[in-house]
Amino acid sequence: MLLSELLTKLTCGDLEGEELDEAVTAITAAPSAPRDEWIDSDAQACTVAILLHLACHMASSDKLDELHEQIQDMFDEFPDFPYEMLEDSGGSALPYFEWLDTELAQRAIEDGGYELIQIDGNGSDEMDALVVYRRDTDDIIQAAALMGVTIRRPLTYYRGIEAMVGKRPF
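In the numbering used here, the protein residues as written are 47 to 216.
In case anyone wonders, no lab produced these hints; they're calculated from the structure. Honestly, I wouldn't trust all of these hints.
DMTMM-like mimics (lysine to aspartate or glutamate), calculated; alpha carbons at most 20 Å apart, straight line [as the list claims (entries may be wrong)]:
(1) K109 <-> E172
(2) K109 <-> D147
(3) K109 <-> E130
DEER-style ranges, computed between Cβ atoms [to be verified]:
(4) E62 <-> E156: 16 to 22 Å
(5) R205 <-> D108: 19 to 25 Å
(6) Y203 <-> T71: 30 to 36 Å
(7) W145 <-> H103: 21 to 27 Å
(8) M131 <-> D185: 29 to 35 Å
(9) D134 <-> M47: 36 to 42 Å
(10) G206 <-> T148: 14 to 20 Å
(11) K109 <-> S78: 31 to 37 Å
(12) M47 <-> P141: 31 to 37 Å
(13) K109 <-> E62: 29 to 35 Å
(14) M131 <-> E64: 40 to 46 Å
Beta carbons are placed, not taken as given, at the ideal position from N, Cα and C, and that holds for glycine.
I would like the entire structure built from these sequences, with the hints used as guidance.
Structure representation (structure tokens):
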């Protein structure tokens, strides 16, 4: 998959024309461009460039309710953050991501629904997330991996954590 196709899928087709061309050029040049000292690999340089050029298409926060507000702003009508659900979960984020996945799947049904993905590697504790068409998620993850960029489903990640919590020796 071409980088332009990846960026198009990451933005559900919203990134186009000159803006898309500029992003492709910058991301392609990122490994050889001067970089901050905390960027320790070409893959991380690409990740940072992707994050920079997709910032207006992302939700980004280190707090779940703030991340949710940004996701909520992407839609005309979207439910408020389910604070009670999080309180009842004993601090686990899994119930929220399961609920969010169901909410996103119910939108853009003609295009297969939406799904939340996360781009890793920004060098901070913030979650950088994008809402993408569910049908494109596997292709996005695979194409990004070929560039050394880690994209994952938060729902899968938190299910893995929940599964491991019960297996840790105390």
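Here is what the structure says about each hint:
1. Restraint check for K109 and E172: the C-alpha separation of about 8 Å stays at or below 20 Å, so the hint holds.
2. Between K109 and D147 the CA atoms are separated by roughly 18 Å; this keeps the pair inside 20 Å, and the hint holds.
3. At roughly 16 Å between alpha-carbon atoms, K109 and E130 fall within 20 Å of each other, so this suggested pair holds.
4. Restraint check, E62 to E156: a C-beta distance of roughly 20 Å satisfies the suggested window 16 to 22 Å.
5. Checked against the hint of 19 to 25 Å, the C-beta distance between R205 and D108 comes to roughly 21 Å, which is consistent with it.
6. Our hint of 30 to 36 Å for Y203 and T71 holds, since their Cβ atoms are close to 32 Å apart.
7. As the Cβ distance of W145 to H103 is approximately 23 Å, the hint placing it in 21 to 27 Å holds.
8. Restraint check, M131 to D185: a C-beta distance of roughly 31 Å satisfies the suggested window 29 to 35 Å.
9. A hinted range of 36 to 42 Å for the beta carbons of D134 and M47 is consistent with their spacing of about 41 Å.
10. At roughly 19 Å, the beta-carbon separation of G206 and T148 lies within the given 14 to 20 Å, and the hint holds.
11. Restraint check, K109 to S78: a C-beta distance of roughly 35 Å satisfies the suggested window 31 to 37 Å.
12. One distance hint, 31 to 37 Å for the beta-carbon pair M47 and P141, holds here, with the actual separation near 34 Å.
13. Against the hinted window of 29 to 35 Å, the Cβ-Cβ separation of K109 and E62 comes to about 32 Å, which satisfies the hint.
14. Between M131 and E64 the C-beta distance comes to about 42 Å, which sits within the given range of 40 to 46 Å.
Hint violations for this structure: none, all hints satisfied.
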